[in-house]
Structure formats: structure tokens, C-alpha cells
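Each residue of the sequence shown is one higher than the one before, starting from 1 at the first, in the numbering used here.
Errors might be hidden in some of the hints.
[Claimed, not checked] In silico lysine-lysine, DSS-like type, Cα no more than 25 Å apart, as pairs:
id, residue 1, residue 2
1, Lys141, Lys128
2, Lys10, Lys21
3, Lys56, Lys79
4, Lys79, Lys10
5, Lys142, Lys79
These are calculated hints, taken from the structure and not from any lab test.
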Amino acid sequence: EELATVYAVKSAYYEYYYVAKQLALTSESFNLMRQFEEVIRTRYQAGLAMHPDLIKAQLELGQMEEMIRSMEQMLLPAKARILALLNLPQDARLPEPIAPAISEVQFSTDSLVSVAERNSPSLSSISKQIESRQAEVSVVKKMSYPELMLGIEYERATLLNDMTFEEETMNEYMLTVQL
Numbered sequence: 001e002e003l004a005t006v007y008a009v010k011s012a013y014y015e016y017y018y019v020a021k022q023l024a025l026t027s028e029s030f031n032l033m034r035q036f037e038e039v040i041r042t043r044y045q046a047g048l049a050m051h052p053d054l055i056k057a058q059l060e061l062g063q064m065e066e067m068i069r070s071m072e073q074m075l076l077p078a079k080a081r082i083l084a085l086l087n088l089p090q091d092a093r094l095p096e097p098i099a100p101a102i103s104e105v106q107f108s109t110d111s112l113v114s115v116a117e118r119n120s121p122s123l124s125s126i127s128k129q130i131e132s133r134q135a136e137v138s139v140v141k142k143m144s145y146p147e148l149m150l151g152i153e154y155e156r157a158t159l160l161n162d163m164t165f166e167e168e169t170m171n172e173y174m175l176t177v178q179l
């Protein structure tokens with residue numbers, strides 16, 4: 001349970017960090033776009049730029065404003081989730097997130113493949129299908145081998161008249177050997 005809690009807190013923090021970082025980058029881009037729009041407006045007033053250029057810049061500013069509002073709204077539940085997981089009051093203030101430490105993990109390809117083979121349901125399913133097909137191939141190969149049959153039949157013939165025989169099969173034995 002403790003690992004699940006640690007995982008939940010880390011996951012919530014990474015989400016909080018991601019949204020806050022995106023908000024900061026978008027805000028920075030918005031400020032640059034606002035400066036660009038002012039330059040275009042000044043050029044338009046001086047007759048050096050076209051009206052569609054000014055309209056495009058203003059539309060872009062509007063879209064960026066909407067993105068910033070949306071990200072601010074996404075930040076609220078991320079903060080609330082962290083506060084709830086840490087059992088803090090919902091009106092508590094969280095500091096600005098800092099980049100989480102990223103540790104380098106060393107794995108060999110063989111160990112990753114081994115773990116994937118053991119834990120992947122799709123790989124397990126494919127493995128079972130391969131085994132099944134190999135068994136089918138084995139059966140088909142065996143069916144293609146010739147069969148040797150050896151038979152012994154004992155008959156008794158009785159002469160009824162000059163040219164007529166009556167045949168009676170007494171015993172019949174068959175031995176089939178499949179190679």
C-alpha cells in the first residue's frame with residue numbers, strides 16, 4: 001500500500017509539473033506574440049503591413065489566451081490531487097514545481113526482453129500460437145510418412161464339382177506400421 005501511495009503522489013506531482021511547465025511556456029510565447037502583434041499594428045498604421053497580417057496575429061493571440069485559460073483550469077485539479085494525497089487542506093498553497101530528478105537506469109536488452117516475455121499477455125498468446133502451429137506441423141509430417149501393411153489371410157477352398165470352388169475365409173490378420 002505504501003508503494004501505491006508513493007506512486008500516486010509521484011504521478012500527481014509529475015502531472016502538476018507538466019501542466020505548470022506548459023503554462024509557463026505558453027505564457028512566454030503569448031508575451032512574445034503580443035509584442036509581435038504590436039509591431040505588426042505599428043507597421044499597419046504606417047502603411048508597411050497588410051490588414052490580414054494584423055488579423056492573423058490577433059487571432060493567434062486569442063487562441064493562445066484560450067490555451068492559457070485551459071491550462072490554468074487543468075492546474076487546479078492537479079494541485080487538488082496532490083493536496084488530497086498529502087492529506088493537506090484544499091486551501092493550502094503549493095510551491096511552484098521544480099523539475100523532478102531524473103536518474104539514469106541501466107538495463108541490458110536481454111533482461112528487458114526476458115521481463116517482457118514473462119509478463120506480456122500478447123507475447124504469451126503468440127508463444128502459445130507458435131507452439132500450436134508447431135504441433136500441427138509435426139502431425140502433418142507424420143501423416144505424410146508411408147504406412148506399411150502386412151496381412152495374412154487363411155482361406156479354405158472346397159471343390160464342389162469339377163470347376164466350382166467354395167471359398168471360406170478362416171482367419172485374417174493385419175499389421176499396420178506407421179513410420
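> Which hint numbers doesn't this structure obey?
Replying inline: 3 and 5
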